[in-house]
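In case you want the letters, here they are:
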Amino acid sequence: MEAIKNALDFSDFPRLDLSLAGAVFAFLLLFPALPHSSFAMATMIQFLMFSLYGMGWNTIGGYAGQVDLGKAQYNGIGAYTTAVMMVRWDVPFWVSMPVGMALAVGWSFLIGYPLFRLKGHYFSIATIATSLVLKDLFEVWDFVGAATGLQIPIRSKLPDFLYLQFRHDYYYYYILLALFVVGILYLNAFRHSRLGFQLRAIKDNEDVAKSLGIDAHWCKIKAYAVATAFVAVVGSFHACYNFNIEPEDVMSLDLSVLIAMMALLGGAGSLWGPIIGAAILVPLKSYMGDWLGAASGLEGLNLIIYGGIIMLIAAVQPRGVWGMVEAVRARRRGGYAAS
Amino acid sequence: METLFAELAKSLVSGLIMGMVFALVALGLTVIFGVMDVVNFAHGEFLMIGMYTTLLTSPILKVDPLVTLPLAGLVGAALGVMCYYGLVRFLLRGPMVAQLLGTFGLMLTLRNLALLFLGSEPQIVHEGLLVGKSYVFGPGIVLESTKLAAALLSIVSFAVVWWLIRRTKLGMALTATSLDAEGARYMGISTERMNATAWAIGGASVSIAGGLLVNFWPVDPNVGLLFTMIAFATVALGGFGSIRGAFYAGVIIGLIVYFPPAWDALSNFGGLDWPSIHSFKYTFVYLIYFLIMVFRPQGLFGWKQ
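If you read the protein sequences in the order shown, they are chains A and B.
Take the first sequence: its position 83, counting from 1, is numbered 87 in our numbering, and each next residue is one higher.
Take the second sequence: its position 202, counting from 1, is numbered 203 in our numbering, and each next residue is one higher.
One chain only, chain A, in its complex shape (with noise of 0.2 Å):
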């Protein structure tokens, strides 16, 4: 009951806030109805995906400051998890989905528990080495299709609403649009929680919070859990929407990155961070990648525009556009800028 309040609560933010979430939110739900491009859809969904795992990253990596770049790895499980049991068994995706984070979440035990135990810049490259070896595995693994991946067939009677096949993508956008409400009440409801207290002490500063009796490290492997059910889910999805997987496409770094790259552009450790992040950078790939990709015969620039922008933001602004917001709010009111 209190998780539920908490989670429909949003008194603290002002009002102006609420009101523009109120009209995204709006826009996001007529979308659909509005004169638009296929590609103009493929990029909302890859928006809501990408908020999704923004979302899920920002528990671990904002919230409790630990940067975590090995998340293509969970994406990976659920996504397969989906595939395999499709394929193999013709278990539908409402079934798959719960599996495949389940399974997420206990990889996710089983390697945070050693994985915690370092700090920063090590904690990093761990998540990242551990994802190389689970990528790899898959590509040798004949069992999940080895390199080439797995293709899911095609139900003979669509729309398919258990198996989540449909022959227009609104359908994929809504199902999505849903998962991205549940994503927020969620957070919401963890911002005010227990743990998103304790978190936050961690990240302020640990030692303080472990001598007032904070159990650091497996607050930090709780909120890893969630951020990796997120991110899972999404897998399992992608799966479905994309009928083909293979390792290269669900679990490679550069996925981990982005992941990450979005919840601090957006500004991590905040509700809106990732959402703004990916409505930022999401767009901005897809769009680049159209117009200067391979066959505009400048392969690569789209990548170096993007590059600069990452190196850019880093360097002004690490704290992202809700940092800017705030400190700009912060000076307004004569204070200094909460972090």
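Worth flagging that the hints you see were computed from the coordinates, not collected in a lab.
C-beta: ideal position from N, C-alpha, C; glycine also.
Check each hint, because a few of them may be wrong.
Pair by pair, the computed Cβ-Cβ distance ranges are [to be verified]: (1) B:PRO219 - A:VAL99: 41 to 51 Å; (2) B:LEU13 - A:ALA46: 51 to 61 Å; (3) B:ALA182 - A:PRO287: 37 to 47 Å; (4) A:ALA334 - B:GLU183: 41 to 51 Å; (5) B:ARG245 - A:ALA182: 55 to 65 Å; (6) B:ALA182 - A:ALA331: 21 to 31 Å; (7) B:SER191 - A:VAL332: 51 to 61 Å; (8) A:ILE158 - B:LEU227: 33 to 43 Å; (9) A:TYR117 - B:LEU165: 50 to 60 Å.
Away from chain B, derived, C-beta distances all over 12 Å, residues of chain A [unchecked claim]: (10) PHE29; (11) HIS40; (12) PHE43; (13) PHE120; (14) ILE129; (15) PHE170; (16) ALA213; (17) TRP295; (18) ILE308; (19) ARG323.
We have chain A already, so just place chain B on it with the hints.
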């Protein structure tokens, strides 16, 4: 039986040789980390640029690829200094996240600049004094002279950097900065300049390693990530910031990566059908990194925790 021994000896030799090169690759990373606690994700891209420098300049200047090594070193050093003053200096003001992301952005940019201007085709040095020649040591052990030269020159470069850091005034200033930057500043050492020096040394040594590698390893814009990870594993094994550690760890990693061919020989031995683990050779590198970080975070020779 004879082939088994030959295979083992071959793995041992190629492992040792590649280990020397890996050590030189990791050297730059460990120097930069030791002096200023920054992890450089673009390290492999510096290597790639060194490889391209040698590949492209030796036909233009009409000299042997090995002669262009100092040039590769200069390019790497210049790039390192540019990166420090243009980017890393600003990243240091922010939290740790900023360094990770900033150097990752640098990696993306360098890699795709190479893609844009040099194309995605893998290329390799075709002409050179040593290319294509090899020595035969005993039954079955054939040693390409390019690899032998790479190993020897790696040791030389390593020794030069070691001498620079351990035996010169500049090196003492670098060590002082890494031990206590604030204290070094009070002693009149310009830590800013020391940081830039660390980047210059790091860039130069890894670019030279690239120039050596390109004689037998094809270069393409994406070659960097594998070497970045190998360098991370090497540095972790040897201890972050430890130069001696980087050397021994490089050799150990080289032996591990090049041992699986011996496994293949073993798998045929005695008619048993062992599963081939050859394709996992780089997975072992990542695994080592993970295990070392968890069970011995200071590495074998590290002094920084």
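Status of the hints after comparison with the structure:
Range check, PRO219 of chain B to VAL99 of chain A: Cβ separation about 46 Å, and the 41 to 51 Å hint holds. Between LEU13 of chain B and ALA46 of chain A the CB atoms are about 52 Å apart, so this pair conforms to the stated range of 51 to 61 Å. Checking the proposed 37 to 47 Å range against ALA182 of chain B and PRO287 of chain A shows it holds: the Cβ atoms sit about 42 Å from each other. Distance hint check for ALA334 of chain A and GLU183 of chain B: the Cβ-Cβ separation is about 29 Å, which falls outside the suggested range of 41 to 51 Å.
Between ARG245 of chain B and ALA182 of chain A the beta carbons are some 57 Å apart, a value that agrees with the proposed interval 55 to 65 Å. Between ALA182 of chain B and ALA331 of chain A the Cβ separation comes to about 28 Å, which falls inside the hinted range of 21 to 31 Å. Our hint of 51 to 61 Å for SER191 of chain B and VAL332 of chain A is violated, since their Cβ atoms are close to 36 Å apart. Look at ILE158 of chain A against LEU227 of chain B: about 37 Å separates their beta carbons, and that is inside 33 to 43 Å.
For TYR117 of chain A and LEU165 of chain B, the Cβ-Cβ distance of about 42 Å falls outside the hinted range of 50 to 60 Å, so the restraint is violated. Every CB of chain B is more than 12 Å from the CB of PHE29 of chain A (nearest about 29 Å), matching its label as outside the interface. Remark: the non-interface label on HIS40 of chain A is consistent with the geometry, its nearest Cβ contact in chain B lying 30 Å away (cut-off 12 Å). PHE43 of chain A, annotated as away from the interface, keeps every beta carbon of chain B farther than 12 Å; the closest lies near 23 Å.
Not every beta carbon of chain B lies more than 12 Å from that of PHE120 of chain A, the smallest distance being close to 10 Å; the non-interface claim is violated. Non-interface call for ILE129 of chain A relative to chain B: violated, since the shortest CB-CB distance, roughly 6 Å, does not exceed 12 Å. PHE170 of chain A, annotated as away from the interface, keeps every beta carbon of chain B farther than 12 Å; the closest lies near 34 Å. Annotated as non-interface, ALA213 of chain A keeps its C-beta farther than 12 Å from every C-beta of chain B; the closest such distance is 18 Å.
The claim that TRP295 of chain A lies off the interface holds: its Cβ sits roughly 15 Å from the closest Cβ of chain B, which is beyond the 12 Å cut-off. Once the 12 Å rule is applied to beta carbons, ILE308 of chain A is inconsistent with being away from chain B; the minimum gap is 5 Å. For ARG323 of chain A, the requirement that its beta carbon stay farther than 12 Å from each beta carbon of chain B is not met, with the minimum near 8 Å.
Going down the numbered hints, you'll see the structure goes against 4, 7, 9, 13, 14, 18, 19, while the others check out.
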